[in-house]
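Those sequence lines, one after another, are chains A and B. Everything in the first sequence is counted per this note's numbering, starting at 121 for the first residue and increasing by one. Everything in the second sequence is counted per this note's numbering, starting at 50 for the first residue and increasing by one.
Treat the hints as calculated values from the structure; they're not laboratory data. Please read these numbers as outputs of a predicted model, since none were measured by experiment. Glycine included, each C-beta is placed from N, C-alpha and C at the ideal position. Mixed in with the good hints, there may be bad ones.
As the list claims (entries may be wrong) - Footprint (simulated), chain B over chain A, 3 or more residues, beta carbon under 8 Å:
# : region
1 : 132-143
2 : 160-166
3 : 169-180
4 : 186-193
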Amino acid sequence: MDDALVIGGERLTSRLIMGTGGASSLATLEESLVASGTEVTTVAIRRYAAAGGNSVFAMLERLGVRALPNTAGCFTARDAVLTAQLAREALETDWIKLEVVADEDTLLPDPVELLTAADQLVADGFSVFAYTNDDPILARRLQDVGVAAVMPAGAPIGTGLGILNPHHIAMIAAAAEVPVVLDAGVGTASDAALAMELGCDAVLLASAVTRAHDAPLMARAMRAAVQAGRDAYRAGRIPRRSLARASSPDEGRIDAGPALAD
Amino acid sequence: MTSSPEITVVLDGETTRLAQGITLRETVARHIGRELGPDGTPADGGRLGVAVAVDGAVVPRREWHAHVIAAGSTIDVVTATQGG
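Please construct the entire structure, taking both the sequences and the accompanying hints into account.
Right under this line is the structure:
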């Protein structure tokens, strides 16, 4: 059954977006990206010398994986807009993962700067994938300015704490008219499955795979978890009950008399 | 013999001396080690994968050949690297 994700005008078969951050080597990263089945991956924009040339760009070209550049490291709308413009010029894409964070310790989005930057970038023709807090109202405001996707954090970047406010994530997913991508906080496969069960359209993760003991194996686990969570969401979970409800029939039970303890 | 006049710029965070009159296209080509055509695309036929800001503003690659670098410019050449 066709269950493609349409995001930023593109049809994607995979609902797992694996980022490239935190990998120990390019070879392990490549193996992990392939195992994850991702069709899109995030990259940061940095000075050529510091980036060690354009080996990441060349690898993505070879793998046929689409690059979603980010504005990681930006603390102001002004920095984020310049980074996005450089990314568009360098990678020939109008897709941008917009990150405008408030401080180094939390790396949580600064809502005011984020909304300002989103507004400017949408007006400048970008498809904005907005990394945001697990705040349903901010998600709505981002949608109102025209972002292509809303990407709430499950937990702060790199913490692996999972989804700290599942209720808010479900509210964001239920209300959104654009795709919702759970971004940041995933620690293991069950977190990714939960995100999909809560109604998210996709999961974006990096550290959970790239910093795992066996990164390609974790990439495979995430791929399966996202698919399982998506299937479970579409299948519809049973209601929660306070008392047990037998699944075996009552009729035709044998009766061997009173309990032995009586 | 007198050496040709030079200018000082900041290229990717490093103070660098360049020949006076050099264009942005020549500077980028030298910096990334690839030959660039007049429109800024690589002569090897591959995709470029880099962008340039001069003094905090993006300069599109088609304008690099006409952009003569001014003394004291800050030039950033960026590309994709690993990142979440």
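May I ask which of the numbered hints given earlier this structure violates, with the numbers listed in increasing order? Hint check: nothing fails, all pass.
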